[in-house]
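The residues making up each chain are set out below.
2 protein chains.
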Amino acid sequence: MKPAFSIGVDLGGTNLRVAAMHVDGVFLETLSFPTRRAAGRDAVIGDLCEAVIAIRERHGTAGECVGVGIGTPGPLELPAGILRRPPNLPGWDGFEVRKAIEDRLGHAIHLDSDANLAALAELRLGAGKIHAVDSLCMLTLGTGVGNGIILDGHVWQGMSGMAGEAGHMTVVPDGAPCGCGSRGCLEQYASATAIHRMATEMASSSHPRSGDLAARMEGDPNFDSQDVAAWAEAGDLAAQAVFEEVGRCLGLVLNALVNTLNLPLYVIGGGSAAAWPLFEPSMMRELRERSYVFRATELAGGKKTHVVPAALGPGSGLQGAAILPFVEQSALHEVL
Amino acid sequence: MKPAFSIGVDLGGTNLRVAAMHVDGVFLETLSFPTRRAAGRDAVIGDLCEAVIAIRERHGTAGECVGVGIGTPGPLELPAGILRRPPNLPGWDGFEVRKAIEDRLGHAIHLDSDANLAALAELRLGAGKIHAVDSLCMLTLGTGVGNGIILDGHVWQGMSGMAGEAGHMTVVPDGAPCGCGSRGCLEQYASATAIHRMATEMASSSHPRSGDLAARMEGDPNFDSQDVAAWAEAGDLAAQAVFEEVGRCLGLVLNALVNTLNLPLYVIGGGSAAAWPLFEPSMMRELRERSYVFRATELAGGKKTHVVPAALGPGSGLQGAAILPFVEQSALHEVL
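One line per chain: the protein sequences are A and B, in this order. First residue of the first sequence: 12, per the numbering used here; consecutive thereafter. First residue of the second sequence: 12, per the numbering used here; consecutive thereafter.
It is worth saying that the hints were derived from the structure and are not from the lab. You may find that some hints are simply not true.
[Claimed, not checked] With a straight-line Cα cutoff of 30 angstroms, these simulated DSS-like cross-link-like pairs (lysine-lysine) come out:
(1) Lys314(B) to Lys110(A)
(2) Lys314(A) to Lys110(B)
(3) Lys110(A) to Lys315(B)
(4) Lys315(A) to Lys140(A)
(5) Lys110(B) to Lys314(B)
(6) Lys314(A) to Lys140(A)
(7) Lys315(B) to Lys140(B)
(8) Lys314(B) to Lys315(A)
(9) Lys140(B) to Lys13(B)
(10) Lys140(A) to Lys13(A)
[Stated by the list, open to error] If you want a taste of the chain B side facing chain A, the calculated C-beta under 10 angstroms gives, among others:
(11) Arg96
(12) Trp167
(13) Gly195
(14) Pro219
(15) Met228
(16) Asn266
(17) Lys314
Built from N, CA and C at the ideal position, the CB exists for glycine as well.
Kindly produce the complete structure, drawing on both the sequences and the hints.
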């Protein structure tokens with residue numbers, strides 16, 4: 012019998028990535044090219060399917076392809092596979108992505124949102140593997156705040172694939188308006204976009220050192236959230252206060268997730284997770300003060316609640332897509 | 012083959028109830044007697060086991076007992092079956108309730124917390140049966156706010172049986188202190204205890220009609236949450252404002268639960284759920300305004316998110332306990 016491999020696809024708003032993965036979890040080949048959004052959906056889906064076919068042919072002589080797993084930006088209605096106003100693919104609202112790809116490839120695919128697949132990758136190849144758990148909840152701090160929930164080894168989809176939107180839990184009831192239509196969502200207090208806004212607000216606030224931060228911004232008007240993190244690390248107290256607020260808001264949401272789901276592992280990923288040392292203290296203080304379920308698991312001795320930064324990098328969505336065909340065929344369980 | 016029956020036990024802080032249930036979900040017999048807490052744990056467990064043995068003997072000639080299901084106040088550590096500072100059984104912290112009962116009965120039991128079992132009963136015999144769903148989340152508005160989450164037909168326990176504590180999600184970050192050690196929990200804004208406190212606060216607030224409410228309280232100093240509901244129904248605007256706040260806070264928590272879990276059904280039970288017409292408008296307004304997952308399911312046409320009052324009464328905990336042995340043996344699936 013030929014060794015098994017899968018094909019994973021990460022259909023991002025900026026880049027399209029396609030990879031072949033060996034059953035041991037190692038990539039055999041990865042391709043990355045720009046998502047030609049300006050050329051239209053059909054062109055993008057065409058590029059995607061061509062790459063899948065080409066990569067399958069290249070590896071099909073040495074191995075047996077167990078399936079194609081595809082990740083897209085959310086929200087994605089499942090199992091139908093219809094995009095619902097995806098912020099990262101404007102103009103694709105209502106697009107039947109599953110049907111479009113399956114019609115071209117001529118066979119069924121495995122499909123999920125990128126945030127869910129990043130969580131699945133963390134379970135099988137990252138933090139979940141390290142902690143030897145079967146369930147976890149991941150928050151991805153990027154342009155927005157993504158979320159994926161894995162229960163007993165499988166993505167919890169909810170009834171229509173829209174579970175895992177903890178980024179839109181309310182943390183400040185009368186807080187900043189959110190693109191989702193609500194206000195005060197976690198996404199407005201923990202995403203890269205939010206860090207930029209909060210820093211701007213902090214610079215003109217009554218914080219005793221707001222002037223320092225304002226001066227840094229004047230020197231670098233095109234600053235981004237990573238600059239704010241760098242300033243905080245360099246000792247800027249007002250920038251540090253921004254990340255304390257990020258941590259406090261993450262702690263509030265973790266309190267809700269720990270008290271509701273009582274999972275063994277909560278993972279914080281995405282670009283802003285690199286600022287972990289800046290927000291971790293206030294996040295854990297808020298969680299510990301609020302959640303008696305968290306405190307009970309600290310006392311119990313045996314089963315602790317772990318909150319950790321992601322073990323995988325920005326490629327975890329692609330890894331998760333490639334893992335999906337194995338997971339759904341239970342073929343990965345023995346090797347990972 | 013003799014028809015199957017189960018035995019259910021609801022070990023409450025005030026009353027101990029034991030029942031035999033036919034496989035069709037109908038009680039064959041129910042017993043209720045006071046929980047002799049003053050006599051100590053051993054006496055209570057003794058009473059419980061004696062009643063189980065007696066009821067099994069009475070029905071054992073006509074039917075076959077499939078198992079004994081027992082509900083206790085939470086928090087209950089599972090699968091170990093150890094009570095963790097249960098507010099309704101003071102002094103029972105650390106008590107190994109599973110071991111105590113199994114040692115006396117001489118066989119394994121099915122065990123869960125009363126809030127989880129009430130949710131299971133709603134799934135199989137109540138609102139879940141009406142809506143033909145396999146997953147739901149129930150909030151029980153009693154002295155506290157209980158919570159049970161059923162996913163794919165089974166109680167979601169979490170890693171140590173402590174899932175389903177959504178009553179301790181934060182709705183007012185700097186709000187009223189809670190017995191759990193946090194502050195601003197839903198329990199402080201939606202329980203019977205909370206309604207009493209909020210009414211008292213409202214009577215001395217700047218609400219334009221606070222004087223009317225204060226006068227009612229003076230006339231009935233021993234008022235309870237049901238009196239506040241009756242006043243609101245009679246047109247007291249300040250009392251109505253209390254239930255608007257209850258609804259707003261329930262809506263905030265439902266937003267978190269809908270966005271995270273995307274379940275088909277959310278059930279509000281417990282004594283204060285009788286005030287449904289008083290809090291439903293603000294609850295649903297808050298949920299609809301905040302949750303784009305909720306709004307998306309309203310649009311989708313097919314799979315809607317339902318929020319409904321409980322279909323079963325205060326006996327749902329006992330019903331859930333009696334159902335548990337059937338559910339765990341998958342024997343109930345065919346008949347209910």
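For each hint, the structure was consulted:
1. Proximity of Lys314(B) to Lys110(A) is assessed by CA-CA distance (about 20 angstroms); at most 30 angstroms being required, the pair is judged to hold.
2. Between Lys314(A) and Lys110(B), the direct Cα distance comes to roughly 20 angstroms. Compliance with the 30 angstroms bound is thereby established for this hinted pair.
3. Between Lys110(A) and Lys315(B), the direct Cα distance comes to roughly 23 angstroms. Compliance with the 30 angstroms bound is thereby established for this hinted pair.
4. At roughly 16 angstroms between alpha-carbon atoms, Lys315(A) and Lys140(A) fall within 30 angstroms of each other, so this suggested pair holds.
5. Restraint check for Lys110(B) and Lys314(B): the C-alpha separation of about 43 angstroms exceeds 30 angstroms, so the hint is violated.
6. The straight-line distance between the Cα atoms of Lys314(A) and Lys140(A) is roughly 16 angstroms, inside the 30 angstroms bound, and the hint therefore holds.
7. Using a Cα cut-off of 30 angstroms, the hinted pair Lys315(B) and Lys140(B) holds, with the two alpha carbons roughly 16 angstroms apart.
8. Taken as a hint, the Lys314(B) and Lys315(A) pair is broken in the structure, with Cα atoms around 36 angstroms apart against an allowance of 30 angstroms.
9. Our distance criterion of 30 angstroms between C-alpha atoms is met by Lys140(B) and Lys13(B), whose separation comes to about 26 angstroms.
10. The hinted pair formed by Lys140(A) and Lys13(A) meets the criterion: a straight-line CA distance of about 26 angstroms does not exceed 30 angstroms.
11. The interface hint given for Arg96(B) is met, as the beta carbon of that residue sits about 8 angstroms from the closest beta carbon of chain A, less than 10 angstroms.
12. Using the Cβ-Cβ criterion of 10 angstroms, the hint placing Trp167(B) at the interface with chain A is satisfied: the shortest such distance is roughly 7 angstroms.
13. Using the Cβ-Cβ criterion of 10 angstroms, the hint placing Gly195(B) at the interface with chain A is satisfied: the shortest such distance is roughly 9 angstroms.
14. At about 22 angstroms, the closest approach between the beta carbon of Pro219(B) and any beta carbon in chain A exceeds 10 angstroms, and the interface hint on this residue is violated.
15. Given the 10 angstroms rule on beta carbons, the hint for Met228(B) is violated: about 28 angstroms separates it from the nearest Cβ of chain A.
16. Proximity of Asn266(B) to chain A holds as hinted, the smallest CB-CB distance being about 6 angstroms (cut-off 10 angstroms).
17. Here the hint on Lys314(B) is kept, as its CB sits about 5 angstroms from the closest CB of chain A, short of 10 angstroms.
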